[in-house]
Amino acid sequence: MRILKLEKSFSENFKALSNELNKLFEKIINYGKVDLNNNEISKAILIRLKYYYDHQNAIKELLNKRYASPAADFFVETIAFYLNAVFKIYKIPLEVHSERLIKRKRGSIRPDISIWRGDTEVVAIIECKTQLGWNRHDWKNNFSARENKLKKKFPNASAFLIVLTSLNWPGFGEGEDVGKKYFCLSKVWPNDINIDKLDDYLLNPIEPIICNLIKKYKSQGARKTLFTTSWFVGMLHSR
Numbered sequence: 044m045r046i047l048k049l050e051k052s053f054s055e056n057f058k059a060l061s062n063e064l065n066k067l068f069e070k071i072i073n074y075g076k077v078d079l080n081n082n083e084i085s086k087a088i089l090i091r092l093k094y095y096y097d098h099q100n101a102i103k104e105l106l107n108k109r110y111a112s113p114a115a116d117f118f119v120e121t122i123a124f125y126l127n128a129v130f131k132i133y134k135i136p137l138e139v140h141s142e143r144l145i146k147r148k149r150g151s152i153r154p155d156i157s158i159w160r161g162d163t164e165v166v167a168i169i170e171c172k173t174q175l176g177w178n179r180h181d182w183k184n185n186f187s188a189r190e191n192k193l194k195k196k197f198p199n200a201s202a203f204l205i206v207l208t209s210l211n212w213p214g215f216g217e218g219e220d221v222g223k224k225y226f227c228l229s230k231v232w233p234n235d236i237n238i239d240k241l242d243d244y245l246l247n248p249i250e251p252i253i254c255n256l257i258k259k260y261k262s263q264g265a266r267k268t269l270f271t272t273s274w275f276v277g278m279l280h281s282r
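Each residue of the sequence shown is one higher than the last, beginning at 44 in our numbering.
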């Protein structure tokens, strides 16, 4: 029974961590407007991933594991967390979903993250990879195929790709879509980040994605308002 008592004491930390995450979310959205020009969101993501990787390395050492547990899901969760927070702060009623089919039919894509207006319109999808070493040659074709499937259903939706690190693959290069559609957050592996010098490691901050989504929402809202006003004025003149 002594082991059960010790395990219970340890495992309760998971519940405490969930509670702390909820508290953090509330503190962030109550903090006020975020300056999207200083890359604070991107830096916060790097900090969380750095400590996650440190945690996994400690487990590797304790258990003599050859490989750390994959960080892909944690990376997606962290980006979704901050997208949700920023939308709440700016009072943008867009919904952030993870692993949701864009259409309930066979062959439909299930993006890592999808941004929805209501329950029927996809505004954007975001694919998240920790690195592209395993797919360094075909990533662009694979991403374009998913983007084309998206556009067939939602022609006005945007598609983005976020990679955590440029390590182990050649990177995106200097194409015009880098920093607009394709983003690579860090120049190094998260373990090697010094959190006191985050600017030294940040490569392509993802704030442009957030600004794009906020701008798109506001412009689409303005067009709908203009359409409604024009229709109403037209009805008045037709009487």
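Hint data in this document are derived by calculation from the structure and do not stem from the laboratory. Take the hints with a grain of salt, since some may be wrong.
Below, computed lysine-lysine pairings styled on BS3-like, alpha-carbon distance capped at 25 Å [what the hints assert, rightly or not]: (1) K148 - K134; (2) K76 - K258; (3) K194 - K230; (4) K66 - K51; (5) K76 - K223; (6) K259 - K76; (7) K230 - K134; (8) K195 - K134; (9) K196 - K230; (10) K261 - K196; (11) K240 - K131; (12) K146 - K224; (13) K76 - K240; (14) K194 - K148.
Against the structure, the hints come out as follows:
1. K148 - K134: This hinted pair is violated, its Cα atoms lying about 32 Å apart.
2. K76 - K258: Within the cut-off at roughly 15 Å; holds.
3. K194 - K230: Distance ~31 Å between K194 and K230 Cα, so the pair is violated.
4. K66 - K51: holds, 23 Å
5. K76 - K223: Distance of about 23 Å is within 25 Å: holds.
6. K259 - K76: Distance ~18 Å between K259 and K76 Cα, so the pair holds.
7. K230 - K134: violated, 33 Å
8. K195 - K134: The hint is violated at about 29 Å.
9. K196 - K230: violated, 35 Å
10. K261 - K196: holds, 22 Å
11. K240 - K131: violated, 29 Å
12. K146 - K224: At roughly 23 Å apart (the allowed maximum being 25 Å), K224 and K146 satisfy the hint.
13. K76 - K240: Distance ~24 Å between K76 and K240 Cα, so the pair holds.
14. K194 - K148: holds, 16 Å
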